[in-house]
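Chains as they are written, first to last, in this note's numbering: chain Z, 1 to 195; chain A, 1 to 195; chain W, 1 to 195.
Just to be clear, a hint being listed does not mean it is correct.
The list cannot tell twin chains apart, which means a pair is met if one copy fits it or any two copies do.
Result set (DSSO-like, lysine-lysine): computed pairs, CA atoms no more than 30 Å apart in a straight line [stated by the list, open to error]:
hint, residue 1, residue 2
1, K148, K2
2, K29, K84
3, K2, K29
4, K2, K84
5, K84, K148
Source of the hints: derived by calculation from the structure; they are not laboratory data. This one's a predicted model, so the numbers in the text were calculated from it and none came from an experiment.
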Amino acid sequence: MKFETILLVIEVGGTLAFAMSGLLEAIRKRMDIVGVFSVAFVTAFGGGTLRDILLDRRPLFWIQNQEYLWLVIALALTAPLWVKTVRHRLMERAMEFADACGLGLFAISGASIASAAGMPPLVAVLMGVITAVFGGVLRDVLCNEIPKVYHDHRPYALCAVVGCSVFLGLDALGMASHLSMIAGICTATGSRLLA
Amino acid sequence: MKFETILLVIEVGGTLAFAMSGLLEAIRKRMDIVGVFSVAFVTAFGGGTLRDILLDRRPLFWIQNQEYLWLVIALALTAPLWVKTVRHRLMERAMEFADACGLGLFAISGASIASAAGMPPLVAVLMGVITAVFGGVLRDVLCNEIPKVYHDHRPYALCAVVGCSVFLGLDALGMASHLSMIAGICTATGSRLLA
Amino acid sequence: MKFETILLVIEVGGTLAFAMSGLLEAIRKRMDIVGVFSVAFVTAFGGGTLRDILLDRRPLFWIQNQEYLWLVIALALTAPLWVKTVRHRLMERAMEFADACGLGLFAISGASIASAAGMPPLVAVLMGVITAVFGGVLRDVLCNEIPKVYHDHRPYALCAVVGCSVFLGLDALGMASHLSMIAGICTATGSRLLA
């Protein structure tokens, strides 16, 4: 497989994992179809949307790539078919893995977009973290809970910080851009899986 | 009456109905004057503001048409005079009617603005729904509740989806723009009133 | 001291006071380091960020002046050293004072930025209030509470309204801009301290 194909597979997997976590939370809260759709959308696209608004980038990524919208719609419409399998041990593992991949990829893509927009390293790291974390924060706000990432005492956001720093550091040292991205993604995703 | 006058009357009625629902919810939560103003503002203007931010349109509609701000201010200042009459059966009916009109008009205007900005149909429908629904979502978030529209199992947002689809479909078939708008508004508002 | 130096000192003090109030609230809610950072950031920068997004100003003020980011990071990292002293009577007083200064300065700077962007007086006052108040609103939303400013029946936001009105009024009467700013800040901060 080519590099771009791998990235695309990870990105789709990450988006699906994020959307699924929103969808499951909405179902757990006994929301109706409107709530399930909204929370799934917001969890999957909230972080990237906030990043794009803060950096003033338009069109938003999910407007430019409508396939992601259709993907989440398909996921929500087929939820009755698969939602019970999620409790299975294997499925849970798969979701955790996809979520960790999503964390890594969303963080590095956020940092790389900010960096390409001329942002200094501190802001680029911050944008990476926002991209990776804010969808889940909005999910919890809409579900009327304190954001899980703020009080679960697990190094979710810190993995994003470390991954973005590795990426920006290697990039500053002159490493080829796709290699430094892979290193950053592996750091964030790997530290997440090990933690 | 001319077409524009009718649209204006509906729009003013819808804005007032949305602002009133925010105001009543704030009073129910025993908020003070600051809370009542804020929640009324956010309920009336939140959906359209999010749409404009996502599409990067400026100036925002309530900055360009300050009369709406004054309208909501007048509503909040005179609240002590009319707030008790809302419990009357007739007033409740009038508010439900105004709310349904607001739903229809806000949805179609959102979809039409997005469509005019070159957005594809899926995004235009989404923008219509956001315009019609998101003010109420923000109201409930500020009042520390799960958004009502997410779990009341009533087809509020779906009426907006159907209305926007009718409008965009007729528009694509080449119908005159104000006729397709009226059809879309009537579909959304009508299905809401019947449901 | 020069005028600019005084403004800068107040601004830094206000930012620190706002960040501290977020940080303390996050600790009270037993959040972890991620939550403490996020809530402190959002409380300090949320109001000004919303103002800049509504007015479409970029780069955002905390991206242009990264020192503020470092300031909040330093505050959060050193929290274990000073957080217990906050309960002391003197420290509480100092925080109240800094918070009132922050209110005045954030409100007037918001109104002045909006006014310079060509906004009419009503919108400028609104932007001043949003700048001063919205960080605290977001803090409370993230902490899953009804915003304190909405139901504490204390004239927090009204002090901002009065201060902004004084500033804009004197400005319209042709007073030198830094004098009308000082008058506005003193009005907002003073009325807050007296209330």
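Intra- versus inter-copy proximity for K84 and K2 (alpha-carbon distance at most 30 Å) = Neither way: K2 and K84 sit 35 Å apart in one copy and 55 Å across, limit 30 Å.
Given a CA cutoff of 30 Å, do K148 and K2 count as a within-copy pair, a between-copy pair, both, or neither?
-> neither (36 Å within a copy, 46 Å between copies)
Check K84 against K148 for me: Cα-Cα at most 30 Å, and say if that holds within a copy, between copies, both or neither.
-> both (23 Å within a copy, 26 Å between copies)
At most 30 Å between C-alpha atoms: does K29 with K84 qualify within a copy, between copies, both, or neither?
-> Within one copy only: 15 Å inside, 33 Å across.
At most 30 Å between C-alpha atoms: does K2 with K29 qualify within a copy, between copies, both, or neither?
-> This pair counts as neither: shortest intra-copy Cα distance 41 Å, inter-copy 47 Å.
When each numbered hint is compared with the structure, violations occur for hints 1, 3 and 4.
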